[in-house]
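Starting from the given sequences, assemble the full structure and let the hints guide the process.
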Amino acid sequence: MTLRIGVDTGGTFTDLCAFDEATGQVHVRKVSSTPDDPGRAIVLGIKELLEQMGGRSIGEVSYLAHGTTVGTNALLTGRGVRTGLITTKGFRDLLELGRGRRPHLYDLQADKPEPLVPRDLRLEVTERVRHDGRIETPLDHEEVRSAVRELKAKKVESIAVCLLYSYLRPDHERQIGEIIAEEFPEAYVSLSSDVMPEFREYERLSTVVTNAYIGPVVANYLSRLRQRLAENGLTCTPHVTQSNGGIIPFPAAESMPVRLVLSGPSTGVVGAAAITSEAGSPNIITFDMGGTSSDVSLVQDGEPKVTAGMELDGRPIRSPMLDIHTVGAGGGSIAWIDSGNHLKVGPASAGAFPGPACYGNGQDATVTDANVVLQVLNPEYLLDGQLKIDAQASHRAVKAIADPLGLTVPEAAQGIIRVVTANMARAIRVISVQRGYDPRDYVLVPFGGAGPLHASRLAIELGITRIIVPETPGAQSALGLLMTDIRSDFMRTQITRVTAQEAAHSAEDLSKVFAELTDHALAWFEEEGIEPERRSIQRRLEMRYAGQNYELPVDVPEGPITAESITALIEGFQHAHDRMYGYSARDEVAEAVTFRVQAIADVPRAAISRAAAEGRKVEDAVVGLREVYLAEEGDYVSCPVYDRRLLDVGHHIVGPAVIEQMDTTTLLLSSDVCTVDDTRNLVIDIRRTPNE
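At position 130 of the sequence shown (counting the first as 1) the number is 143 in the working numbering, and the numbers step up by one without a gap.
These aren't lab readings, by the way, just hints derived from the structure by calculation. Fair warning: there could be bad hints in the mix.
As the list claims (entries may be wrong) - Restricting the straight-line Cα-Cα distance to at most 25 Å, the calculated cross-link-like pairs of lysine-lysine (DSS-like) are:
#1 60 to 102
#2 102 to 168
#3 401 to 60
Stated by the list, open to error - Label pairs and their in silico Cβ distance ranges:
#4 533 to 72: 46 to 52 Å
#5 533 to 394: 50 to 56 Å
#6 443 to 640: 33 to 39 Å
#7 187 to 443: 37 to 43 Å
#8 123 to 67: 15 to 21 Å
#9 620 to 663: 57 to 63 Å
#10 478 to 533: 42 to 48 Å
#11 397 to 187: 37 to 43 Å
#12 72 to 476: 48 to 54 Å
#13 418 to 443: 24 to 30 Å
#14 394 to 478: 29 to 35 Å
Beta carbons are placed, not taken as given, at the ideal position from N, Cα and C, and that holds for glycine.
Written as structure tokens, this is what we have:
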């Protein structure tokens, strides 16, 4: 059994990638997604992929990993389950009150998101734990039983439990969990001390409620998919991607679905980091443009940036995750005209069905239709002929946008491209400029079905001078699933002074907490059956100045924490603060707030091999000429079209040109020079002007 398969489900397509360990070959397949039942497209795609590989059997698959958006979609569309909440007396309205912020201060029509748990399903119980972990008021067990019975009578499917300071002392939450198991065993239960043992009660409450709300949806989906795959002959345990870029087995993910919110895009970042580090470019900005959205992230020294949480649809979610920013700008994003007669693109998407007009079912003009009109995309077919294109439908759809604006159809199509490029550039500035990083110091790595199509214009917008397009960009997230490790996160909040004057005492305090978290990580290794030689542990602290409200992450080196380590940690925090805020206050006392340990289990991964030139001529890779509208030239320009499969290591292409492959299309502008490196990436250098 030598086949390893990664499956990434997107809004428009489901991407599959197989790595044959015996031959070292990578095989890619794309099928249309089935939003009503994502598992149907997965099973169909696996069958087609195995058939494409010469009729291989699913029984030969020794590893299968899956990136899913089921939980995220359930949250965004309000299709979670009926959920109840048990909390400390006097705090049931915290879920609705939040932080009292007004993110849209001047929008008189702005509405707060509806709470995932309505007020009548938010019940209070008598208990109180103090800020130091001391029990002031014992838990009233009979009150808990009464609350559980009431929630059962109101037909909830899931119960979230969040008590004050339970991250310090989880006893009361665990007792409530035991009572729920006795009174209402069929309920899905989420305890905040398990889901997020950190301070900030509103964020912890929001996170555990989210986990409970989507939990049964995700658990049922993964369970059904696991059964369906087994019925089709899969013998290995399937894994699913977490937001932190690692993977865990399906059964483990079913109890912690909130950690899958960024399941889809995270492995694309991990895979891109591995590929470009091997190619000698460890500092990159990833740009994953699919059918519905674009996801961007920054990688420094080969390591993706991580964050402790995010806000999704106005609701905070605290969970270890890669720092990925998403914007509604994909190939299926719909172009429209607002009340001021201005052209807009997205965030609404045509999705997998009806899809862009050129797919034969939709009527609205999308980014894909604009590229068909401009003839950047093949006007006859995509996916090596698997998907026929109706260019006239694209022309009609874009004309409906062009006429009210007084533009020609090509001008309107180019306008759509300009708007979506600006939207994507704004997203990249969020994860670069707003974090203290200059995008001009990084290489842009586009992937997804539409990423390479827009990369050159996006790079010019940001001042980036080099682009690296991986070998299989359209299935990069699926390939990334074959290049990531099994990971699990353990965390705990314990506010601790970290000072150079009391370095020995600080080292002792930090060592004690990390030792406890490391014990949890070692226990997890044992439960998962991870061999000692495959184990590694990473430690991180979130630090702040005493009196500050928010923290910054600082990596903790391997080995014992000593007085010398404390000095290095403080210096690392000062550097992080200076990068983020432009200054550091070295006379102020620093605090460690949240301790994090990540357990990593190494898995065999798809290897990045180097190739030698085979002596083919670059001219032999040209499969035709196509008139492509280039705004920079003000007209349609005759461009050579290259088949990427025929390109050889060392081949050199000067734009303008189009490079086609099964899973994507790469556009080279007149200012671009492209070289194929020895790992088969397209390395595109952008000259400042077309004539420079």
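Checked hints:
The straight-line distance between the Cα atoms of residue 60 and residue 102 is roughly 54 Å, outside the 25 Å bound, and the hint therefore fails. Of the supplied pair hints, the one linking residue 102 and residue 168 holds, its CA atoms being roughly 22 Å apart against a limit of 25 Å. The hinted pair formed by residue 401 and residue 60 meets the criterion: a straight-line CA distance of about 22 Å does not exceed 25 Å. Between residue 533 and residue 72 the CB atoms are about 36 Å apart, so this pair departs from the stated range of 46 to 52 Å.
Between residue 533 and residue 394 the CB atoms are about 53 Å apart, so this pair conforms to the stated range of 50 to 56 Å. At roughly 37 Å, the beta-carbon separation of residue 443 and residue 640 lies within the given 33 to 39 Å, and the hint holds. At about 39 Å, the CB distance of residue 187 to residue 443 agrees with the hint of 37 to 43 Å. Between residue 123 and residue 67 the beta carbon distance is about 56 Å. The supplied range of 15 to 21 Å is therefore violated.
For residue 620 and residue 663, the Cβ-Cβ distance of about 21 Å falls outside the hinted range of 57 to 63 Å, so the restraint is violated. For the hinted restraint 42 to 48 Å between residue 478 and residue 533, the CB-CB distance of approximately 45 Å keeps it satisfied. About 55 Å separates the C-beta atoms of residue 397 and residue 187, a value inconsistent with the hinted range of 37 to 43 Å. A beta carbon spacing of about 51 Å between residue 72 and residue 476 agrees with the range 48 to 54 Å that was offered as a hint.
About 29 Å separates the C-beta atoms of residue 418 and residue 443, a value consistent with the hinted range of 24 to 30 Å. Taken as a hint, the range 29 to 35 Å holds for the pair residue 394 and residue 478, whose Cβ atoms sit roughly 34 Å apart.
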